[in-house]
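Sequences are here, hints too, so could you generate the full structure?
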Amino acid sequence: MQALCATSENEDPCGLDFRTRLLASLVLSTVTIYLSDERILAVLAAATFAYLAASTRRWKVVAAAYLMMTAMSILSIAVIWCSYTLIGAILEGSSAAGRFAQMRESVLGNFHTPFLRMLPSMNVMLALVLNLSVQKFTGAMKSLRMPRVVFLPLLVFCRFVPEFIDVTRQLRDAVRMRGFPVSFGSAILHPFQTVRLTVVPLCVRTLRMADNLAMAAEMKRVGYARRPTHLRETYLRGRDWATMAVTVSLAAAVVVWQSNVPQKASMMRRGATIEKRSDTK
Amino acid sequence: MSGEVVIRAKGLSYTYPFQGKKALDGVSFTLRRGEALLVTGESGCGKSTLMRILNGLVPEHFRGSLEGELEIAGEPCPAPLERISRHVGTVLQNPEEQILATSVEEEVALALEWRATPREKMARRVDAALCALEIPHLARRSVFTLSSGERQKCVIASVVAAESEIVVMDEPTANLSPGATEDLARIVASLKRRGAAVVIVDHRLYWLKGVADKVLVLKDGKTAAYVEGRDALSRLGSGKTAVGLRRIDVESPALRDVAESGGPSAVAIDSVSFRHSRRTPYIYRDFSALLPRGGITAVVGPNGAGKTTLARLVCGLLKPESGEIAFDGRPLSAAMRRRDVAFVMQQMDIQLYMRTVREELDFSAPRGLSRIDRRTDEKRWLDAFGLAHLADRHPHSLSGGEKQRLVVACALMKRPSLMVLDEPTSGLDGRNMRVIADVLRDYASSGGTVLLITHDLELLSLAATHRLEVAR
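Going line by line, the protein sequences match chains B and L. Going by my numbering, 195 is the number at position 195 of the first sequence; the sequence numbering is gapless. Going by my numbering, 447 is the number at position 166 of the second sequence; the sequence numbering is gapless.
Source of the hints: derived by calculation from the structure; they are not laboratory data. These figures come from a predicted structure and were not determined experimentally. Note that the Cβ used here is the ideal one computed from N, Cα and C, for glycine as well. Where hints are given, some of them may not hold.
Unchecked claim - Per the computed footprint, the stretches of chain L lying under chain B, defined by three or more beta-carbons under 8 Å from a beta-carbon of chain B, are:
id: 1; segment: 308-318
id: 2; segment: 389-403
id: 3; segment: 478-484
id: 4; segment: 593-599
id: 5; segment: 617-624
id: 6; segment: 630-644
id: 7; segment: 670-682
Said to hold, decoys possible - Counterexamples of contact, computed for chain B against chain L with all Cβ distances above 12 Å:
id: 8; residue: C14
id: 9; residue: R19
id: 10; residue: A65
id: 11; residue: L67
id: 12; residue: M69
id: 13; residue: T70
id: 14; residue: L155
id: 15; residue: L171
id: 16; residue: A242
Written out as structure tokens, the structure reads:
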């Protein structure tokens, strides 16, 4: 959401059009659903990371996203592993207990597969979001000739998000000036007061703002023209076409590669790992 | 084409949904091309309702019942907003709620883009409008980095660029500096010369002398006065209808510079430097000033000079990069300043939280104040601001003027050593503005210190004692 506050001062290092980035995100994220081989996923993750590296200089945000995803993956693996262990302990002695023990081992054995599957999607989405601004987004929507019923609410929403963040900051300041600390601790200690001091004025302000923005849009005839003109026309340049071509070729290549990987071999390799672990035990 | 009637209203009445009382009752007037109509009156008299009718928001958005005859640019009303918006361009009071694009240039061009204006023509009009408002340097700036006054200029530029037949402006000077207000008067005059009909809803009257051809004064939704002619405002004069209105003759007051003040100072700003981030330029660099005790210091300067930033630094909402701010000779941390200072912000909705006006005042009192003292203070400020009869009302159900008085009352309930007010009278009628000026004078005479950010020349002449000039 914060990314929507990005302004024209936040220039895209690659100078790619929003539509190009949107296409790359959609195509490569969709492709990862079909992929299951770790080597192919790793290649795709590396390729999309190169694309991300060329698209941003905001390395702190990238590092934070990676850290967060790693933490979430470890946490989810830990929760699943503990659940299987607990169920196994409850069912100890029965035939199902062994199956749960095997499943618990497979969780650890295949830890990297879902992680690898998420990486390409995260890379392309980060490249999109970190270069996104309301201006680029609305410009793209206009050029895509969306119908008024779709365009108008989207425009108001896009304009509303940064304003909402601004109002939240102002509200925090107003509450602090009244002598009420705005922190996680005070929210825990005084939940009702926190709700009263934040939710009520925020609701009143945002509802009024959204209403007025929608009215302002209508008064400016936004959405009424069939073919609006543009002060600054956005064209797809050579680099956009090249990026699109690389994206589609990469997607096609990994799909072909995946379809040529024998399913049995892949499954056998995974099964062998599980059996090997059981034997060692 | 000049002289053709573009707005004809006869016996216009309007009632909001679920309301028994008419918000507008039997209002009649005509407006021709090249004329400007000023609509004024006390808060809640129906000015904004009339504006909503003229720009087509009533009844399409607000529903309710509209009676009487109304014709806008030949369209018999009520007509769909889609048709009305072809002829009418609107400037709303609050620019934050009207700007849809993210850069100034795009905002100015937006209405033209949706009128399918050819690009070359659009670029010419956008440039001309930005130059007319003297903001060509802001063309590529993000609207999120603009001050309130700069945003207001951006909205006015978008209406100027659209070249509508009818231009409706609601409190267009609320955020503008005196210099920018003079520019706006010139812009209105040029719109008239171009053949546009201009309707201005405003409390401030002085800037429209010689510009307004007709004046409509409303009171409780009815016409209290309707004066025509170039000298319409002067003829309105100091008669009965002018009671509660702003003054027509306003001069910029000659205030003493804080540097020349010889008395004791309550607040010392010492070599303060500030910028929003390392990548942005300094707003203040080694800035020093002394605020005299018992004085009302007006911070003056052009739009975007950093007046609100200074207020936020003094209040402890922003931390200076270097330098210190001392109260009574004692340097205070940001947290301690927040405790000692009361800050009245421009946005009122975000400063009201409780279920009733009385609870709101009670919540603002300093912790540890006895119940008796709280009750005494509450009664004092309720009476002083004329809010006693509204004590049990929900704060968000009050009118704009009432909310503004309540927010100032809440600030005084805090018993602060310094009061900082950011445009406390924008959108207030003469009566309410004078109430706030009187209270500020009383507070200062009892030893309090006030830092006042305002472009309101009447408030400055009534209340301010010193000036602190900030440059861009």
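Now the hints, each set against the structure:
Three residues within the 8 Å Cβ limit are the bar, and the segment 308-318 of chain L against chain B gives 0, so the coverage statement is violated. A count of 12 residues in the segment 389-403 of chain L with a Cβ less than 8 Å from any Cβ of chain B is obtained; the coverage claim is therefore met, three being the minimum. For the segment 478-484 of chain L, the assignment as covered by chain B is violated, since 0 residues bring a beta-carbon within under 8 Å of that chain's beta-carbons and 3 are needed. Only residues whose beta carbon comes within less than 8 Å of a beta carbon in chain B count, and the segment 593-599 of chain L has 3; three or more means the coverage holds.
Given as covered by chain B, the segment 617-624 of chain L passes the check, having 5 residues with a CB less than 8 Å from a CB of that chain where 3 are the minimum. With 7 residues bearing a CB less than 8 Å from a CB of chain B, the segment 630-644 of chain L meets the requirement of three and the coverage assertion stands. Residue count for the segment 670-682 of chain L with a Cβ under 8 Å from a Cβ of chain B: 1. That is fewer than the three needed, and the coverage hint is violated. With a least CB separation of 20 Å from chain L, C14 (chain B) remains clear of the 12 Å interface cut-off, as annotated.
Non-interface call for R19 (chain B) relative to chain L: holds, since the shortest CB-CB distance, roughly 18 Å, exceeds 12 Å. Under the 12 Å C-beta cut-off, the non-interface status given to A65 (chain B) relative to chain L holds; the minimum distance is some 22 Å. Every beta carbon of chain L lies more than 12 Å from that of L67 (chain B), the smallest distance being close to 23 Å; the non-interface claim holds. Look at M69 (chain B): its CB is around 28 Å from the nearest CB on chain L, clear of 12 Å, so calling it non-interface holds up.
Listed as outside the interface, T70 (chain B) is consistent with that label: its C-beta sits roughly 29 Å from the nearest C-beta of chain L, beyond the 12 Å cut-off. Look at L155 (chain B): its CB is around 6 Å from the nearest CB on chain L, not clear of 12 Å, so calling it non-interface is violated. L171 (chain B), annotated as away from the interface, has a beta carbon of chain L within 12 Å; the closest lies near 5 Å. With a least CB separation of 27 Å from chain L, A242 (chain B) remains clear of the 12 Å interface cut-off, as annotated.
The earlier numbered hints that this structure contradicts are 1, 3, 7, 14 and 15.
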